[in-house]
Amino acid sequence: MAAGRGSLSGAVFALVLVAVGITAAIDRFGTPLPLPDVLAAVPLAAGLALALRARSLTFSDVIGTQALAASGASGAVLVSALALVAAPMAIGLGGLAGLVLIASFLAGGAIALFGVAPALGRTGAVTIAGAVRARFGPAAGLLAALACLAALLPLLAGEAGLAGVILREMLGLDMPVARHVVIGAAALAALAGGRRSAIAMAAGLLPVLALAFVAPVAAAGHEAGGSILPWLALFDGRVFAAPTAMPPSAAVVLALLLIVGVAVLPTLATPTEARQPRRRGPFTLAVIVLLAAPAYALYGRLAGIDPAVNPAGLVLNLAAYAELGAAPALLLAGGLLAAAAATLALGLAAFGAIVAEDLYARHGERDAPAGRRAFVARLAMLAAAMAASWIGSGGAGIATLAGVGLSFAAAGLGPVLIAGWNIPAVRGPAATAAIAAGLAFTGLNGAVAAFAPGVGAVVGMGRIVPTVLGPTGWFGLPIGASGAAGAILGLAVVLAVTFARRRQGAAAVDPTPMPDPSSNPGAFHP
Numbered sequence: 064m065a066a067g068r069g070s071l072s073g074a075v076f077a078l079v080l081v082a083v084g085i086t087a088a089i090d091r092f093g094t095p096l097p098l099p100d101v102l103a104a105v106p107l108a109a110g111l112a113l114a115l116r117a118r119s120l121t122f123s124d125v126i127g128t129q130a131l132a133a134s135g136a137s138g139a140v141l142v143s144a145l146a147l148v149a150a151p152m153a154i155g156l157g158g159l160a161g162l163v164l165i166a167s168f169l170a171g172g173a174i175a176l177f178g179v180a181p182a183l184g185r186t187g188a189v190t191i192a193g194a195v196r197a198r199f200g201p202a203a204g205l206l207a208a209l210a211c212l213a214a215l216l217p218l219l220a221g222e223a224g225l226a227g228v229i230l231r232e233m234l235g236l237d238m239p240v241a242r243h244v245v246i247g248a249a250a251l252a253a254l255a256g257g258r259r260s261a262i263a264m265a266a267g268l269l270p271v272l273a274l275a276f277v278a279p280v281a282a283a284g285h286e287a288g289g290s291i292l293p294w295l296a297l298f299d300g301r302v303f304a305a306p307t308a309m310p311p312s313a314a315v316v317l318a319l320l321l322i323v324g325v326a327v328l329p330t331l332a333t334p335t336e337a338r339q340p341r342r343r344g345p346f347t348l349a350v351i352v353l354l355a356a357p358a359y360a361l362y363g364r365l366a367g368i369d370p371a372v373n374p375a376g377l378v379l380n381l382a383a384y385a386e387l388g389a390a391p392a393l394l395l396a397g398g399l400l401a402a403a404a405a406t407l408a409l410g411l412a413a414f415g416a417i418v419a420e421d422l423y424a425r426h427g428e429r430d431a432p433a434g435r436r437a438f439v440a441r442l443a444m445l446a447a448a449m450a451a452s453w454i455g456s457g458g459a460g461i462a463t464l465a466g467v468g469l470s471f472a473a474a475g476l477g478p479v480l481i482a483g484w485n486i487p488a489v490r491g492p493a494a495t496a497a498i499a500a501g502l503a504f505t506g507l508n509g510a511v512a513a514f515a516p517g518v519g520a521v522v523g524m525g526r527i528v529p530t531v532l533g534p535t536g537w538f539g540l541p542i543g544a545s546g547a548a549g550a551i552l553g554l555a556v557v558l559a560v561t562f563a564r565r566r567q568g569a570a571a572v573d574p575t576p577m578p579d580p581s582s583n584p585g586a587f588h589p
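By the working numbering, the letter at position 525 of the sequence shown is numbered 588, and the numbering carries on one by one without gaps.
Hints were generated in silico from the structure; no laboratory data involved.
Treat the numbers as computed from the prediction; the structure is a model and nothing was measured.
Be aware that one or more of the hints could be misleading.
Said to hold, decoys possible - Okay, the calculated beta carbon distance ranges per label pair:
id, residue 1, residue 2, range
1, G344, S119, 48 to 58 Å
2, G434, E386, 51 to 61 Å
3, G235, P487, 50 to 60 Å
4, A510, G288, 34 to 44 Å
Ideal Cβ placement from N, Cα and C applies to all residues, glycine included.
Kindly produce the complete structure, drawing on both the sequences and the hints.
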């Protein structure tokens, strides 16, 4: 099966190359038909075809209870459309601090793939909430499921909102129908076969996403008389010569949020990856792709794009400003749309699996047949797609939505999966209290700051001001960055409850079974 999927991925890559060649020829010699615009839809259509080919009605495929060849899906999560646009923005606005943020993002991905995922996979669970339930008990498992859903929905809304921006800025399609086509393709991929189809789509598109992101800056470097290797921009002093717009304190907070939040996300979207031995290739490809981000900052600035005025334009407007031609521009647009769709499909599939497996089957109809649980999973996917589309087209900013999702992941799951999992003395009550504290802090902070600013001063938030990551809340942090403080709070709760229980001698009578370190090692001991 893995070999067949690899050949299909190669066929998709070859198809995109053929489309690029045809578009380049049309752009050079001209045509009375607007055929070059079709290239932007080729990666998305090819990914959807991969997903439909992997369709399934089997519950084990929809939920992901069978081991799948998912090695490329984790890499697709790391090179989501949000990451591909945010990485050059970080360099453009932060200089060296932006490079630290990219490194923090990749460090979080490494912790997820090589530490957290193998540890969770040894429990035999198919979701993060299931693994937490196996390790810490049902109460912690239920809260972990809620934390997963709270993290997924804003992130899905952010990807959906970014898809609309890509269509408007890069293709001139300012129509809700066009944005709904992208979201509908992702939903159809998830509905076709759940995690099986979503993973097939993401894994098959990963090489295309890499080409789409690297090729435009390689062409820009060639046009500028430099090397076609975009990674050489890392050593160009002009990349970091511009004054930074990011204070050091903000960089530290965002770095912590990225490390802890991203350490959860790839595992959340593709937990079957925990059972796969091949994780280095996709992660290495993700590193190669994201380290091309400084080239976008450099060539975008040379082309006249001011990151302080139009930070997303470093990616979305690079091809037009640098006059790269139709092929690189449409390849980049198609790659970003495909990245958004693949990430949406993975997130929707994970959302449905958690609702069906960790909420409905555990706390609803315990004896529900597999077909009904699969139906519930698909219903949850459809509802999540509609909610993400509605939220993404609302007034909330894309950066705010992405930050809130990361904050829920970091505050609700990070302390338990990264620290608590690795300490044998941590038991169910400590994990439950930590997840509850992280969710409560992040949720209350966001709700009060965004919807009841008048109450904020009363509860110690001070003067609430708008930022790119949403209004400020407690400690002066934007609600999109509150997960950093929430993660520290959760870690403190884990340690405090564990220490208090040990002092009281309660560990001897705790009904939660102690894990066997030899069979279920910690997150940093794969």
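Tested hints:
no.	hint	in the structure
1	G344 <-> S119: 48 to 58 Å	25 Å, violated
2	G434 <-> E386: 51 to 61 Å	55 Å, holds
3	G235 <-> P487: 50 to 60 Å	58 Å, holds
4	A510 <-> G288: 34 to 44 Å	53 Å, violated
Hint violations for this structure: numbers 1, 4, all remaining hints satisfied.
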